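J.: In the order they appear, the protein sequences are chains Z and C.
Start counting the first sequence at 0; every next residue gets the next number (numbering that gives the first Met the number 0).
Start counting the second sequence at 0; every next residue gets the next number (numbering that gives the first Met the number 0).
Incorrect hints may have been included.
Claimed, not checked - A short, non-exhaustive set of chain Z residues, derived as facing chain C with CB atoms under 7 Å:
hint: 1; residue: Glu21
hint: 2; residue: Ile24
hint: 3; residue: Ala27
hint: 4; residue: Ala30
hint: 5; residue: Ala31
hint: 6; residue: Ala34
hint: 7; residue: Gly36
hint: 8; residue: Thr111
hint: 9; residue: Lys112
hint: 10; residue: Pro113
hint: 11; residue: Ser115
Claimed, not checked - Straight-line alpha carbon distances no greater than 35 Å define the calculated DSBU-like cross-link-like pairs of lysine-lysine that follow:
hint: 12; chain 1: Z; residue 1: Lys50; chain 2: Z; residue 2: Lys38
hint: 13; chain 1: Z; residue 1: Lys38; chain 2: C; residue 2: Lys9
hint: 14; chain 1: C; residue 1: Lys254; chain 2: Z; residue 2: Lys50
hint: 15; chain 1: Z; residue 1: Lys169; chain 2: Z; residue 2: Lys216
hint: 16; chain 1: Z; residue 1: Lys169; chain 2: Z; residue 2: Lys215
hint: 17; chain 1: C; residue 1: Lys9; chain 2: C; residue 2: Lys148
Unchecked claim - Looking from chain Z toward chain C, a few residues come up when the C-beta cut is under 7 Å (computed):
hint: 18; residue: Pro23
hint: 19; residue: Thr116
hint: 20; residue: Ala218
Note that these hints are calculated values from the structure, not bench results.
Keep in mind the model is a prediction, meaning the values are calculated, not measured.
Just so you know, even glycine gets a beta-carbon here, dropped at the ideal spot from N, CA and C.
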Amino acid sequence: MNTPERDREDGDGSLILVVDDEPPITRALGAALGARGYKTAIANNGEQALKLAALQDPAAVILDLGLPDLDGIEVLRRIRGWSEVPVIVLTAEGAEDRKVRALDDGADDYVTKPFSTPELLARLRVALRHRRRGGQVELDSPVHEVGDLRIDVAHRTVEVEGRAVELTPKEFAFLALLARHAGKVLTHRMILQEVWGPEYGTESEYLRVYASQLRKKLAEDPSRPRLITEPGVGYRLIARN
Amino acid sequence: MDVSVANLSKPRRRLLGLLAGLLLVAVATAPLLHVRSEVTGVTPALVLILPGIIAGFIGGRVAGLVSAGAAVLVLDLMFIEPYGTLDVHVTDDLVALITFAAVAFSVASLVEVATDRRRAAEQRAAQILALSEEKERFRREQERLSVEKQALEQIEDARRALLRSVSHDLRTPLATIRAITSDLRDGTAYDASTRDELLDLVGDEAERLDRLVANLLSMSRIESGALHPDVQAVDLDELVTEGRRRLGRVLRDVKLDAVLPADLPLVDADYTLLDQVLTNLVENAVRHTPPGGTIRVEAAVADGMVELAVIDQGSGVPPSERDWVFEPFNRGDASRSSGLGLAICKAIVEAHGGRIWVDDTAGGHGARFAFTVPVHQARIEAAT
Numbered sequence: 000m001n002t003p004e005r006d007r008e009d010g011d012g013s014l015i016l017v018v019d020d021e022p023p024i025t026r027a028l029g030a031a032l033g034a035r036g037y038k039t040a041i042a043n044n045g046e047q048a049l050k051l052a053a054l055q056d057p058a059a060v061i062l063d064l065g066l067p068d069l070d071g072i073e074v075l076r077r078i079r080g081w082s083e084v085p086v087i088v089l090t091a092e093g094a095e096d097r098k099v100r101a102l103d104d105g106a107d108d109y110v111t112k113p114f115s116t117p118e119l120l121a122r123l124r125v126a127l128r129h130r131r132r133g134g135q136v137e138l139d140s141p142v143h144e145v146g147d148l149r150i151d152v153a154h155r156t157v158e159v160e161g162r163a164v165e166l167t168p169k170e171f172a173f174l175a176l177l178a179r180h181a182g183k184v185l186t187h188r189m190i191l192q193e194v195w196g197p198e199y200g201t202e203s204e205y206l207r208v209y210a211s212q213l214r215k216k217l218a219e220d221p222s223r224p225r226l227i228t229e230p231g232v233g234y235r236l237i238a239r240n
Numbered sequence: 000m001d002v003s004v005a006n007l008s009k010p011r012r013r014l015l016g017l018l019a020g021l022l023l024v025a026v027a028t029a030p031l032l033h034v035r036s037e038v039t040g041v042t043p044a045l046v047l048i049l050p051g052i053i054a055g056f057i058g059g060r061v062a063g064l065v066s067a068g069a070a071v072l073v074l075d076l077m078f079i080e081p082y083g084t085l086d087v088h089v090t091d092d093l094v095a096l097i098t099f100a101a102v103a104f105s106v107a108s109l110v111e112v113a114t115d116r117r118r119a120a121e122q123r124a125a126q127i128l129a130l131s132e133e134k135e136r137f138r139r140e141q142e143r144l145s146v147e148k149q150a151l152e153q154i155e156d157a158r159r160a161l162l163r164s165v166s167h168d169l170r171t172p173l174a175t176i177r178a179i180t181s182d183l184r185d186g187t188a189y190d191a192s193t194r195d196e197l198l199d200l201v202g203d204e205a206e207r208l209d210r211l212v213a214n215l216l217s218m219s220r221i222e223s224g225a226l227h228p229d230v231q232a233v234d235l236d237e238l239v240t241e242g243r244r245r246l247g248r249v250l251r252d253v254k255l256d257a258v259l260p261a262d263l264p265l266v267d268a269d270y271t272l273l274d275q276v277l278t279n280l281v282e283n284a285v286r287h288t289p290p291g292g293t294i295r296v297e298a299a300v301a302d303g304m305v306e307l308a309v310i311d312q313g314s315g316v317p318p319s320e321r322d323w324v325f326e327p328f329n330r331g332d333a334s335r336s337s338g339l340g341l342a343i344c345k346a347i348v349e350a351h352g353g354r355i356w357v358d359d360t361a362g363g364h365g366a367r368f369a370f371t372v373p374v375h376q377a378r379i380e381a382a383t
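Next up, chain Z with everything else stripped away, as it sits in the complex:
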């Protein structure tokens, strides 16, 4: 997906805290992160993770939710009590409710085990980039470019490969929200509350309708989609390459 040269650019010696109780996984991730210029700290349980997160001030945390001592979501909540450090959670297949809970409780993204390392690193880079830009600047930016997609918030226009696309206000708001967080998964609840209003949260069927309309208008190629459905969790907008 990404070249190693590109990965190494991203590393620049930042410290990544890897939390997993399986030594083979932490060894594998340690090697992969090291090869891309990151430094790593390893924690095998929740208590150790909290201690290292506080003492070493990592640039990001990769957190397995199945820990022997504390629930991973509890670890996430406690970290969020004092830190905005990007957290990517590792979860088991089929635990959609856990993923949603982790995201709603402040995780930046999730990766399902067994995962591909390049994919995990791509998610890590997105989370680090969002955090580095401090969020606010990006949120206020009037134009978002995601691959061949250009969304001008000020003029409310959308272009796909240079071609203008007409969107309804809700479709526009939905797409603009995803574009503002390009590469990150947003849960159904996050999208509903942002686009429809704070009294919404469970009406994920609205999103299915709008997502399907958006895909038609953006002329999505199902084999190379930009708007990704994360089943049972939410949506993600990625750059089509």
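Chain Z is already provided as a structure; the job is to place chain C on it using the hints.
T.: Just chain C, lined up with the frame of chain Z:
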């Protein structure tokens, strides 16, 4: 009598009451006739009021009224002059007769009201008793169902735990394998030693998967009752040596010290199954022995059985958990195991007619898992 009468149906009770009333009128009349000239009209009247009451009591209003009617007739015919006719000549007698009739009829019908009330009260009492018995039965039934439900829930919980445990254990080595292979496929530049280490990890995890799958297959054979050891003469020394070679990577961080007596007899066992027991016990011992520690394997003969023991340097198994560890899916404190291994060991050892247990080591540190298998019985054809 009261109880038996109460059990009769209403028409039968009425008939019985009627018969009793008429009989009593007749029975009372006979002696009264003898003394008719010696007593006043009051005596027969008083005596003849009784049949109506009794008939009413037994057979209800109709029986009572008919008996009272019979008594009035008899009183008039037999005890009020002129005898043998219904005529009444004396005013006193007429008043007496009318009064008697009124009293007899009212008493006979009042008796039924009282009897009905008593019967109704008795019926209510019986109903209440029956209801409370019914309630008690329901309560017991409910209790039984709740016990049954609990048992079913336990089975369901165990099944869920199995699924969780197995999927976690299958996925964990897969996660490492996928993480490393996807990383290498991505062309990440590693130095030779890191690359070797990563490839070794893939190998280790693949073997771990293999052992887990072997355990799962055995478990399903055990559960379906299809575990039939293919018994042959097995050399334990060979089994341990071969096992040590195969488990080389698992034993990377610990030392395996096997001290088997040179004159250890062969045992009667299924080689593959016995190998699985040893593998699971050694794997369990590695899990509980700190890096750099030593695992000992010992063997001795006693009572026609060979006892093989695997001794670790972990924290030991508390006496209260020593039976429990052989139950399926009881993984100890955050261990990297499906909790299947020891249960499979137990099933296999017992299928060979041996037993398996855990106790303290001689020094008091770590656990000593031991099992027995029968010494090989030389076949007759082999001896001749």
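J.: Now tell me, hint by hint, if it's right for this structure.
T.: Outcome of the hint check:
1. Glu21: holds (6 Å)
2. Ile24: holds (5 Å)
3. Ala27: Cβ of Ala27/Z sits 5 Å from chain C, so the hint holds.
4. Ala30: With a closest approach of 5 Å, the Ala30/Z hint holds.
5. Ala31: Holds: closest Cβ of chain C sits about 5 Å from Ala31/Z, inside 7 Å.
6. Ala34: holds (5 Å)
7. Gly36: violated (11 Å)
8. Thr111: Constraint on Thr111/Z not satisfied, violated at 10 Å.
9. Lys112: holds (4 Å)
10. Pro113: holds (4 Å)
11. Ser115: Given a least distance of 4 Å, the restraint on Ser115/Z holds.
12. Lys50/Z to Lys38/Z: holds (17 Å)
13. Lys38/Z to Lys9/C: violated (100 Å)
14. Lys254/C to Lys50/Z: holds (33 Å)
15. Lys169/Z to Lys216/Z: holds (13 Å)
16. Lys169/Z to Lys215/Z: holds (15 Å)
17. Lys9/C to Lys148/C: At roughly 48 Å apart (the allowed maximum being 35 Å), Lys148/C and Lys9/C break the hint.
18. Pro23: holds (4 Å)
19. Thr116: Thr116/Z check passes; min Cβ-Cβ to chain C is 4 Å, inside 7 Å.
20. Ala218: violated (30 Å)
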